[in-house]
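Could you build the full structure based on these sequences and the hints that come with them?
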Amino acid sequence: MKLPARIAAPVTALALAGLTATGCAPQTSDAGARTDDRSGTLRVWLFQEVNNKPKEQVVEEAVASFRAEHKDADVKVEYIPVETRAQRIKAAFNDPGSAPDLIEYGNTDTAGYVKDGGLADITGEFGAWAEAKDADPTAKESVTVDGKVYGAPFFVGVRALYYRTDVFEELGIRPPKTQAELVSTAKKVRKARPELYGLAVGGAYTYGAMPFLWANGGELATGSGGTYKAAVNSPQALEGIKAYTSLFGDDNCPAAKCASMGGNATVTAFASGKAAMAIGGDFSHAAVEAGKVKGKYAVVPLPGVTTGSIAPAFAGGNNIGVLKSSSHRTLAVDLMKSLAGKDTQGKLFDAMGFLPTYTDVRARAATKEPFVKPFIDTLAAGTKFVPASPGWGRIDASLVLPTMFQEIVSGRKDAATAADDAAKKMDAAFASAG
20 MKLPARIAAP
30 VTALALAGLT
40 ATGCAPQTSD
50 AGARTDDRSG
60 TLRVWLFQEV
70 NNKPKEQVVE
80 EAVASFRAEH
90 KDADVKVEYI
100 PVETRAQRIK
110 AAFNDPGSAP
120 DLIEYGNTDT
130 AGYVKDGGLA
140 DITGEFGAWA
150 EAKDADPTAK
160 ESVTVDGKVY
170 GAPFFVGVRA
180 LYYRTDVFEE
190 LGIRPPKTQA
200 ELVSTAKKVR
210 KARPELYGLA
220 VGGAYTYGAM
230 PFLWANGGEL
240 ATGSGGTYKA
250 AVNSPQALEG
260 IKAYTSLFGD
270 DNCPAAKCAS
280 MGGNATVTAF
290 ASGKAAMAIG
300 GDFSHAAVEA
310 GKVKGKYAVV
320 PLPGVTTGSI
330 APAFAGGNNI
340 GVLKSSSHRT
350 LAVDLMKSLA
360 GKDTQGKLFD
370 AMGFLPTYTD
380 VRARAATKEP
390 FVKPFIDTLA
400 AGTKFVPASP
410 GWGRIDASLV
420 LPTMFQEIVS
430 GRKDAATAAD
440 DAAKKMDAAF
450 ASAG
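Position 64 of the sequence shown, counting from 1, maps to 83 under the working numbering, and the rest follow consecutively.
Everything labelled a hint here was simulated from the structure, so no lab data went into it. On a predicted model such as this, the values are computed, not experimentally measured, just so you know. The reader is advised that the hints may include incorrect statements.
Straight-line C-alpha distance at most 27 Å; calculated DSSO-like pairs for lysine-lysine [stated by the list, open to error]:
1. K403 with K261
2. K361 with K72
3. K95 with K366
4. K206 with K261
5. K248 with K207
6. K167 with K207
7. K207 with K95
8. K293 with K313
9. K387 with K313
10. K248 with K392
11. K311 with K206
12. K152 with K361
13. K403 with K248
14. K210 with K152
15. K207 with K152
16. K196 with K167
17. K443 with K403
18. K134 with K248
As structure tokens, then:
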């Protein structure tokens, strides 16, 4: 992920977490391309970064490598704005004649795009690709629907706990080792330094709240045979929901100010010196470095329920996929491998800070940049992903989980009632998605 560029834009942190389209395109009736041309021009759509030049340079190197192996092929890369990706990609699925051959897409979009008939099944090619064996399991999960593979992981991003070293030293406290200590430490800081949030939290920060749910043994949903049923109202999930929502109040982060905050706002609060702790991503590093707390903070994995454990984090990131309508399938798959291969991912980390999806490439990255170690430790401890259902896009877009958190912290509903209501909405979305 682009550490300095994406975060420079105030609305991109959620996009980094795993880009989610705001709706689903009508299902295409096209059965896929009928030809597999081994020459001609391949069109590629990649996401445009705030500072796009470093990405362009790395991509051009990957394209040059591809061209060297495919003398009769050319490549045209177009960088599309993240904010309009949903409309562009929907249109491409429904107009194969003008569609690109490959696209970069948010990993939470996989199931929806598969249902829309837009992505090619590349299970065979992915399985035969030597480098794919080193991709981490959650990254592989992000390109898999019903056991079939629909792309290659491009980069991954996770969150960890940022904390103020100066404040902790002043108060004589250490980074929390458990979830309970995290809550008590946040409130201890707030009591001693009432001008600060102990831990900046947000009612609209879904991906910051999920680790609390998962650490307590809860799940967003359970799946069987390609169908999903909401599980946010299970006893284990409720424990996590209660732990997260207990952080909203005058003794840590007042609900009146924090209930509406999302991930960007919580990281901004920390970077500007208004919070002693925040849950931020590897992709938040540049924003924090550019803030008032530069030189006065550190990062550790977000603690789990038991001492020394790490709370499971959401594995966000992007993938590269071949469109089913491509008339250059073989070439497109080869180009996908060049764009998402180990060499390119290593260069993207150096140029942009995007965390590689390959465990060996990540290990080398950690030796170059020590700040990524807590995030790599978090990945190594085991991450989680959203349900591989096209219904998830609808759940996310309709703010089902933020609404649940906000109903609880505002006192409009108790946790059990709010979770039950959220579960009903999720089940309806799963059912309507098929």
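A quick look at each hint next to the structure:
Pair hint K403 plus K261 holds up; C-alpha atoms about 20 Å apart against a cutoff of 27 Å. Proposed proximity of K361 and K72 is supported: the alpha carbons are some 20 Å apart, at most 27 Å. The straight-line distance between the Cα atoms of K95 and K366 is roughly 20 Å, inside the 27 Å bound, and the hint therefore holds. At roughly 15 Å between alpha-carbon atoms, K206 and K261 fall within 27 Å of each other, so this suggested pair holds.
Restraint check for K248 and K207: not satisfied, since their Cα atoms lie roughly 39 Å apart, outside the 27 Å limit. Distance hint between K167 and K207 is unfulfilled; the C-alpha atoms sit about 49 Å from each other, more than 27 Å. For the proposed pair K207 and K95, the alpha carbon gap of about 56 Å is over 27 Å, so the pair is violated. With a C-alpha separation of about 13 Å, the suggested pairing of K293 with K313 holds against the 27 Å cut-off.
Restraint check for K387 and K313: satisfied, since their Cα atoms lie roughly 20 Å apart, inside the 27 Å limit. A C-alpha spacing of about 35 Å is found between K248 and K392, which places the hinted pair above 27 Å, so the restraint is violated. Annotation: proposed proximity of K311 to K206 holds, straight-line Cα distance about 22 Å (limit 27 Å). For the given pair, K152 sits about 11 Å from K361 by alpha-carbon distance, which is consistent with the 27 Å threshold.
Of the pairs offered as hints, the one joining K403 and K248 holds, with about 17 Å between alpha carbons and a cut-off of 27 Å not exceeded. Restraint check for K210 and K152: the C-alpha separation of about 50 Å exceeds 27 Å, so the hint is violated. Annotation: proposed proximity of K207 to K152 is violated, straight-line Cα distance about 46 Å (limit 27 Å). Between K196 and K167 the CA atoms are separated by roughly 39 Å; this puts the pair beyond 27 Å, and the hint is violated.
Restraint check for K443 and K403: satisfied, since their Cα atoms lie roughly 22 Å apart, inside the 27 Å limit. For the given pair, K134 sits about 18 Å from K248 by alpha-carbon distance, which is consistent with the 27 Å threshold.
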